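Protein chains: 2
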Amino acid sequence: MGEVENNKQVIFKGYIDGVPKETDLEIKVTKTELKLPHNGSEAILVKNLYLSCDPYMRGRMRDFHDSYIPPFVPTQVLEGFGVSKVIDSDHPNFKPGDFISGFTGWEQYSLIKKTEQLRKIKPDDDIPLSFHVGLLGMPGFTAYAGFYEVCSPRKGEYVFVSAASGAVGQLVGQLAKLHGCYVVGSAGSKEKVEILKNKLGFDEAFNYKEESDLDAALKRYFPQGIDIYFDNVGGDMLDATLLNMNIHGRIAVCGMVSQQNLSTPKGIHNLLNLVTRRIRMQGFLQSDYLHLYPQFLEHVASSYKQGKILYIEDMNEGLESAPAAFTGLFYGKNIGKQVICVTRE
Amino acid sequence: MGEVENNKQVIFKGYIDGVPKETDLEIKVTKTELKLPHNGSEAILVKNLYLSCDPYMRGRMRDFHDSYIPPFVPTQVLEGFGVSKVIDSDHPNFKPGDFISGFTGWEQYSLIKKTEQLRKIKPDDDIPLSFHVGLLGMPGFTAYAGFYEVCSPRKGEYVFVSAASGAVGQLVGQLAKLHGCYVVGSAGSKEKVEILKNKLGFDEAFNYKEESDLDAALKRYFPQGIDIYFDNVGGDMLDATLLNMNIHGRIAVCGMVSQQNLSTPKGIHNLLNLVTRRIRMQGFLQSDYLHLYPQFLEHVASSYKQGKILYIEDMNEGLESAPAAFTGLFYGKNIGKQVICVTRE
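The listed protein sequences correspond, in order, to chains Z and E.
Just so it is clear: in the first sequence, position 32 is 32 by full-length UniProt numbering, and no numbers are missing.
Just so it is clear: in the second sequence, position 14 is 14 by full-length UniProt numbering, and no numbers are missing.
Chain Z extracted, bound-state conformation (with noise of 0.2 Å):
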């Protein structure tokens, strides 16, 4: 037998309506040993250091099996992306001392069977590892792939970004400066806006919550259209959108975190625009697109390195506090890319 250690979990409890709550998840300590057996199972073991907190989640709390992916199993641990240690490995590719991101559970301590998905990372002291689930990891990786494969933007195009400074639309807007365009985002606080205008360069931005009318604000911020909508929130701002949008628009769906808890989404009225205007809208999934994450890597790691591009992190320290970050998210507490720090070595 090997060392038995402590290992802290959060728990799902159960399926769930509405809003997730911190009292649906809970903290248990189970233990575990921390060697593999070498049997060829190819599994590792391995420490977790960072995990992602992300809206998607929210959709795996229900009791619906026929999605791109399955529920959490009620009793058992959470689980998501992040970036861990390798501890003990019985597998050819990785060996102890490795830096992985992937699928793993929300746990310190995670036994994985399945690593095919499972990326090395190549240790990079301009980088910090916790970017390997935001940045340069699943919400960077949909940034990039909706933005230049699903918006087909154009230099000098509008483009339009909810929940900006959240995960995924704070690379987009970046991206999209970068590529020429003039970029506007929405968000709900005073302080996001600040970040949006004064740190991420967007050219103009706007708390949502502070307009009674959405169609009023975006023709105030867009006197000549919108071109592109990067839409990570549905709902009431789709809704407006659509009465904004110039003729072969794109809309780019990424996600619908204003819709994710309702049993029955808020009916979405201006749709014959997309005739009048010929607008395409497109929903999509990173994952559909895993061919360009190499390039994506390289392309985002070094203009983070050359300075032309930042990343905003929320970093909650301690398996403790997951389940406040996560069910922040749909508050819009979180500032930038929600992370919990498990570990940090």
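Worth flagging that the hints you see were computed from the coordinates, not collected in a lab.
Computed from a predicted structure; not experimentally measured.
Treat the hints with care, as some may be off.
Treat identical chains as interchangeable: a pair holds within one or across any two.
[Claimed, not checked] In silico EDC-like cross-links for lysine to aspartate or glutamate, where the CA-CA straight-line distance does not exceed 20 Å:
1) K114 with E33
2) K47 with D24
3) K333 with E320
4) K266 with D236
5) K219 with D66
6) K177 with E157
7) K21 with D126
8) K266 with D17
9) K8 with E317
10) K13 with D24
11) K308 with E298
Model the placement of chain E on the given structure of chain Z, informed by the hints.
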């Protein structure tokens, strides 16, 4: 002075709300001189033979000037697509006796000043002249451009067409069958359903008015899901279809006849499926694809002559029948493409 003739006209009385009524139009008789001044104006004088009743015309009956086409002018003659015979011409490209298709007035004789978009019809004994506002006109070309350019069809895919016996839908379904797709159409009467199945070669068809649960109906006709939805109606059918699309499905949004008359269109609730199923939903107008018109004409005319496709018209006789023919569109009264025959020669 030339010969002066009575000219019966259909007048647009004024902007409307809701469903068009026959009393929103009126028949008036004016006088028209059957000669043009030949002074280099490049105008032509035509006798109108066939007029096209199209749902998009409803959009021109409201006081809204920011669309792709301006509203009708109150108290003036209605306009739309038609087939006409040139009776006098001050334009070098047109001579008396030529048959043309394009925008004309809803009247017996029209003076046409804007001739750029008119098309000369090559007389063909095997193709009825009226087809130039249907199968070979705007609706046919809408079906062609929408199916081939917007739907990106592949052989063997599952295709759903709403308003399937209408001017556009009937050709979409037949093109899809010729392309090797499995095709189901919806329509609003038993008679139309029979035509779809027995005349137009659809694999299946159903009467949406007999289905209390559209989602259940679609699941019955598409147990394997829908790859392509050619949407002519919007509203509840679109919402139900979103629940039945396959991954990477495509929705061509052609018109939303169910929504045209509502000042607040019905809400669409299931757009989150665009993301999870990675659906492309695209609005389009045939006018963006006019470079393809020659190849369309060749393809569809030759398929028709070879008996590979049919085209069903609903022909009303006489300008007096125009108000009823037009308003009937919004109750699904027409079976096939609704045309008004002003005169046959």
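Hint by hint, here is what the structure shows:
no., hint, in the structure
1, K114 with E33, "within (19 Å within a copy, 84 Å between copies)"
2, K47 with D24, "neither (25 Å within a copy, 74 Å between copies)"
3, K333 with E320, "within (17 Å within a copy, 65 Å between copies)"
4, K266 with D236, "both (8 Å within a copy, 14 Å between copies)"
5, K219 with D66, "between (39 Å within a copy, 14 Å between copies)"
6, K177 with E157, "within (10 Å within a copy, 39 Å between copies)"
7, K21 with D126, "neither (36 Å within a copy, 70 Å between copies)"
8, K266 with D17, "within (16 Å within a copy, 25 Å between copies)"
9, K8 with E317, "within (14 Å within a copy, 81 Å between copies)"
10, K13 with D24, "within (6 Å within a copy, 62 Å between copies)"
11, K308 with E298, "within (13 Å within a copy, 53 Å between copies)"
Hint check: violations occur at hints 2, 7; the rest are consistent with the structure.
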